[in-house]
Amino acid sequence: MKRLIDLFKNKFFLVTVAFVVWMTFFDKNDLLSQYQYQQQVSKLEQERDFYKTETDKVSKDLDELTSNPQQLEKFAREKYLMRKDNEDVFVVVKEKVAE
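In our numbering, the protein residues as written are 1 to 99.
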């Protein structure tokens, strides 16, 4: 018991405890803020990865469309329902199976 009282009377111990408490709860970079920043960074990284894959897909489609006239015609028919005169276009959409 005497040792515990001496420990609480030690000014270096008290300063260290006060510093740890301040940095943990009251500083602008406290633990809660660091957790929230980490969550935000994770979310932004996921968005970055999503947009990177979407950009890659669009770039690939653009390369195909600019280099292949048949692919351009197919794209125009499927996406914009364009057609030639005296021609009918049917779009077949597969339904998803309900699980």
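Be careful, since some hints might not be right.
[Said to hold, decoys possible] Calculated lysine-lysine pairs in the PhoX-like style (CA-CA distance at most 25 Å, straight line):
#, residue 1, residue 2
1, K74, K57
2, K57, K43
3, K94, K79
4, K57, K96
5, K74, K60
6, K43, K74
7, K74, K84
8, K52, K79
9, K84, K96
10, K79, K96
11, K9, K28
12, K28, K52
13, K52, K84
14, K57, K28
[As the list claims (entries may be wrong)] Restraint-style ranges between C-beta atoms, simulated for each label pair:
#, residue 1, residue 2, range
15, Y35, E73, 19 to 25 Å
16, F26, D63, 52 to 58 Å
17, I5, F25, 23 to 29 Å
18, S67, Y35, 46 to 52 Å
19, V89, L32, 28 to 34 Å
20, L7, R48, 27 to 33 Å
21, K2, D27, 33 to 39 Å
By construction, these hints were calculated from the structure, which means they are not laboratory data.
Fair warning: this is a prediction, and the values are worked out from it, not measured in the lab.
No residue lacks a Cβ here, since even glycine has one placed at the ideal position from N, Cα and C.
query = Does the structure keep K52 and K79 at a Cα separation of 25 Å or less?
reply = holds (23 Å)
ask   = Between K79 and K96, is the straight-line Cα distance small enough, at 25 Å or below?
value = holds (20 Å)
query = Within 25 Å, alpha carbon to alpha carbon, are K74 and K60?
reply = holds (15 Å)
K57 paired with K96 [C-alpha distance capped at 25 Å] = holds (23 Å)
query = Is the straight-line distance between the alpha-carbon of K43 and that of K74 25 Å or less?
reply = With Cα atoms ~37 Å apart, K43 and K74 exceed 25 Å; violated.
request  = Below or equal to 25 Å on CA atoms is what counts here, so check K74 against K57.
outcome  = holds (17 Å)
query = K9 and K28: Cα distance at most 25 Å?
reply = Not satisfied, since the Cα-Cα distance of roughly 29 Å exceeds 25 Å.
query = For the pair V89 and L32, does the Cβ-Cβ distance stay inside 28 to 34 Å?
reply = violated (57 Å)
task = Measure nothing beyond the straight line between the CA atoms of K28 and K52; if it is 25 Å or shorter, mark the hint as holding.
result = violated (33 Å)
ask   = Between Y35 and E73, does the C-beta distance stay in 19 to 25 Å?
value = violated (53 Å)
request  = Measure nothing beyond the straight line between the CA atoms of K84 and K96; if it is 25 Å or shorter, mark the hint as holding.
outcome  = Given that 25 Å is the threshold and the Cα spacing comes to 31 Å, the pair is violated.
key: Consistency of beta-carbon spacing, F25 to I5, with hint 23 to 29 Å   = holds (26 Å)
Hints 6, 9, 11, 12, 13, 14, 15, 19, 20 from the earlier list are contradicted by this structure; the remaining hints agree with it.
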